[in-house]
Amino acid sequence: MTLISTAQLRELQLSIADRIYIQVENWHLYLGDAGLSEALAIECQAHLNSGASLAARKAFEGVQVRLGGGNTKMPLSRLISSGQIFELEEILDPYCR
Numbered sequence: 000m001t002l003i004s005t006a007q008l009r010e011l012q013l014s015i016a017d018r019i020y021i022q023v024e025n026w027h028l029y030l031g032d033a034g035l036s037e038a039l040a041i042e043c044q045a046h047l048n049s050g051a052s053l054a055a056r057k058a059f060e061g062v063q064v065r066l067g068g069g070n071t072k073m074p075l076s077r078l079i080s081s082g083q084i085f086e087l088e089e090i091l092d093p094y095c096r
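Residue numbers are given in numbering that gives the first Met the number 0: position 12 of the sequence shown equals residue 11, and the series is strictly consecutive.
Calculated directly from the structure, the hints in this document are not laboratory data.
Note that the coordinates shown come from a computational prediction; the quantities given were computed from them, not determined experimentally.
Think of the CB as a built atom: it goes at the ideal place given N, C-alpha and C, for glycine as much as any other residue.
You may find that some hints are simply not true.
What follows is a list of derived Cβ distance ranges for each label pair [what the hints assert, rightly or not]: (1) R56 with T5: 17 to 27 Å; (2) N70 with I3: 30 to 40 Å; (3) R9 with N70: 11 to 21 Å; (4) G82 with K57: 25 to 35 Å; (5) T71 with D92: 25 to 35 Å; (6) R96 with V23: 12 to 22 Å; (7) R65 with R96: 12 to 22 Å; (8) L2 with G68: 31 to 41 Å; (9) H27 with P74: 15 to 25 Å; (10) N25 with T71: 32 to 42 Å; (11) G82 with L13: 12 to 22 Å; (12) T71 with R96: 16 to 26 Å; (13) N70 with L2: 33 to 43 Å; (14) D92 with G67: 34 to 44 Å.
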């Protein structure tokens, strides 16, 4: 596992918070507002050795989103568009070098 500094992890979290969103119909809920940016940043850090593309996909699969007060859980990957995967890859690329 590639470890990044606490400051880099925070920077990653902030980038995710402002650029990655859950899409429901035509509505976009940014992960910072949904309280999911930290969990996704931590999950991304765990997969940085895999490269940006695989790290993004694994991280989206690894973060579980609770719906309906926790009655249902599903991977974050089921709530995002394919464009968001590429957006996260772009965010992760500098951390994978």
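These are the hints, each one checked on the structure:
no.: 1; hint: R56 with T5: 17 to 27 Å; result: holds (25 Å)
no.: 2; hint: N70 with I3: 30 to 40 Å; result: holds (35 Å)
no.: 3; hint: R9 with N70: 11 to 21 Å; result: violated (32 Å)
no.: 4; hint: G82 with K57: 25 to 35 Å; result: violated (18 Å)
no.: 5; hint: T71 with D92: 25 to 35 Å; result: holds (33 Å)
no.: 6; hint: R96 with V23: 12 to 22 Å; result: violated (34 Å)
no.: 7; hint: R65 with R96: 12 to 22 Å; result: violated (34 Å)
no.: 8; hint: L2 with G68: 31 to 41 Å; result: holds (35 Å)
no.: 9; hint: H27 with P74: 15 to 25 Å; result: holds (18 Å)
no.: 10; hint: N25 with T71: 32 to 42 Å; result: violated (22 Å)
no.: 11; hint: G82 with L13: 12 to 22 Å; result: holds (20 Å)
no.: 12; hint: T71 with R96: 16 to 26 Å; result: violated (38 Å)
no.: 13; hint: N70 with L2: 33 to 43 Å; result: holds (36 Å)
no.: 14; hint: D92 with G67: 34 to 44 Å; result: holds (35 Å)
Hints 3, 4, 6, 7, 10, 12 from the earlier list are contradicted by this structure; the remaining hints agree with it.
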